[in-house]
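Sequences are here, hints too, so could you generate the full structure?
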Amino acid sequence: MDTDIVGGLRPMSPEQASQLLSAVLGRHAAPIDRLLARCSASDGKSWSSGVLASANIETTSLEGCRALKDQAKADLAAPSEEGHDPAAFLRYLHAIAAASDVHGTTISSAAPTEVASGLAATAPHLAEPWCDMFLRAAQRIRGQVV
Amino acid sequence: MGGYSAISGGFPSTRLQPWQLWLGSGESGFARARDHLMNAYRGPLEQYCGATGLSRSVAMEAGEVVSGFFASRLTTIEYLAAWGRSGMPLRNWLRNGIHLHVHELRRARKRDVRVESNTDAVEATVEDETARFERLWVLSVLDGAVNKVARDLEARGRAAEWRMFWQHHIEEQSHETVGRAFGCSAAESAQCCFRVRGMLRDAIAATLCADGVRDEAILGEILGMMEVLRGH
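Chains as they are written, first to last, in the working numbering: chain C, 1 to 146; chain G, 1 to 232.
Note that these hints are calculated values from the structure, not bench results. Where a beta carbon is used, it is the ideal one built from N, C-alpha and C, also for glycine. Accuracy of the hints is not assured; some may be wrong.
Computed Cβ-Cβ distance ranges for the label pairs, DEER-style [said to hold, decoys possible]:
hint: 1; chain 1: C; residue 1: E114; chain 2: G; residue 2: A186; range: 32 to 38 Å
hint: 2; chain 1: C; residue 1: A110; chain 2: G; residue 2: E188; range: 36 to 42 Å
hint: 3; chain 1: C; residue 1: A77; chain 2: G; residue 2: L223; range: 17 to 23 Å
hint: 4; chain 1: C; residue 1: P129; chain 2: G; residue 2: R32; range: 44 to 50 Å
hint: 5; chain 1: C; residue 1: D43; chain 2: G; residue 2: E216; range: 37 to 43 Å
hint: 6; chain 1: C; residue 1: D70; chain 2: G; residue 2: E216; range: 41 to 47 Å
hint: 7; chain 1: G; residue 1: M88; chain 2: C; residue 2: E63; range: 49 to 55 Å
hint: 8; chain 1: C; residue 1: Q144; chain 2: G; residue 2: R158; range: 50 to 56 Å
hint: 9; chain 1: G; residue 1: R195; chain 2: C; residue 2: S42; range: 21 to 27 Å
hint: 10; chain 1: C; residue 1: E114; chain 2: G; residue 2: M88; range: 48 to 54 Å
As structure tokens, this is what we get:
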């Protein structure tokens with residue numbers, strides 16, 4: 001057996017297992033799982049930093065955040081065979097996090113616990129300042145749940 | 001993979017439940033079922049017994065507890081037949097069964113007060129360790145599927161397809177990049193990855209079937225596996 005073949009010859013990490021399941025599920029994988037799978041790759045942090053930096057959302061108005069969220073949501077509406085676009089879902093979460101952290105407003109109509117969970121799950125994979133922004137937004141949104 | 005009708009999501013709908021075949025095939029079928037069960041579940045059960053303190057509660061090694069459990073339950077077909085009637089995933093049936101086995105051991109040793117006093121500590125960790133058991137089981141299912149597919153492709157002289165799949169889906173390289181590395185087009189890389197995904201899906205589905213999951217529940221079970229890992 002070719003020992004250079006990656007995967008299959010030694011126990012995989014939970015992160016690799018998630019990536020594998022995300023691949024197997026394809027379009028059935030939840031957007032958050034596809035995003036976390038992307039972030040788990042060796043270049044995950046640099047990839048996510050590239051997506052987040054290009055949005056320049058921190059200087060955007062609240063209405064601008066809403067527009068960015070809606071555009072990202074539209075981009076997620078038609079997943080490919082390989083699943084939802086992880087960059088689109090990251091932009092979606094970024095818009096929600098910025099609206100919460102910068103403008104103190106929740107702009108998502110999704111269940112607060114679900115939104116907070118997505119932000120909290122993604123945060124550890126991100127570089128600063130986005131890690132802290134996502135965590136603060138998760139805490140704020142979670143705090144709104146009665 | 002031939003022989004199956006596709007349903008939404010590409011998961012097979014006409015897979016014969018292996019247990020139905022094994023348990024309906026007399027002694028040889030029962031022997032196959034018993035061997036599969038012991039090979040597939042010994043590891044996770046031993047880790048569970050050790051981590052929850054079940055084995056310590058009866059002053060035994062985890063391996064001894066699991067071997068004794070298998071010996072006590074798998075001499076006849078009845079235990080597996082009862083599982084078949086329960087509708088429960090086999091891993092949960094076995095986990096419940098090992099608790100009962102340890103309870104029986106404690107009763108047999110009830111003269112040992114020290115053993116009895118450990119039960120509270122065991123119960124307190126069971127909930128955490130149940131989640132851990134589920135994660136261990138998910139990882140073992142995936143390891144098994146990956147090993148099977150990687151070795152099957154290697155045996156057919158198609159090891160490069162496995163590497164292409166891994167580089168695209170785990171290392172997140174684009175089909176263009178993978179195609180350049182392996183001397184093919186992006187479209188060919190995508191087709192190759194699609195084929196390997198299907199092989200992995202079938203390998204995972206086969207293990208789930210052997211755990212008692214019905215065809216129509218396989219997609220939901222795999223989604224559940226993802227949730228288990230998300231909680232890691």
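**Report entry** Verdict for R195(G), S42(C) (Cβ pair) under range 21 to 27 Å
**Finding:** This hint holds: roughly 25 Å between Cβ atoms.
Query raised in the report: If you check the beta carbons of D70(C) and E216(G), does the distance land in 41 to 47 Å?
Result: Hint violated: Cβ distance 36 Å, outside 41 to 47 Å.
Query raised in the report: Do A110(C) and E188(G) keep their Cβ atoms within the hinted range of 36 to 42 Å?
Result: The hint (36 to 42 Å, Cβ to Cβ) holds, given that A110(C) and E188(G) are roughly 39 Å apart.
Query raised in the report: Okay, P129(C) versus R32(G) on CB: inside 44 to 50 Å?
Result: Since the Cβ atoms of P129(C) and R32(G) sit about 58 Å apart, the hinted range of 44 to 50 Å is violated.
Query raised in the report: Is 50 to 56 Å a correct range for the gap between the Cβ atoms of Q144(C) and R158(G)?
Result: At 53 Å between Cβs, range holds.
Report task. Indicate whether the distance between the beta carbons of E114(C) and A186(G) respects the range 32 to 38 Å. Result -> 35 Å, holds
Query raised in the report: Per the hint of 37 to 43 Å, is the separation of the Cβ atoms of D43(C) and E216(G) within bounds?
Result: 38 Å, holds
Query raised in the report: Between M88(G) and E63(C), does the C-beta distance stay in 49 to 55 Å?
Result: 52 Å, holds
Query raised in the report: How does the Cβ-Cβ distance of E114(C) and M88(G) compare with 48 to 54 Å: does it lie in that range?
Result: For M88(G) against E114(C), whose Cβ atoms are near 29 Å apart, the range 48 to 54 Å is violated.
Query raised in the report: That 17 to 23 Å hint for A77(C) and L223(G) (C-beta), does it hold up?
Result: 20 Å, holds
The earlier numbered hints that this structure contradicts are 4, 6, 10.
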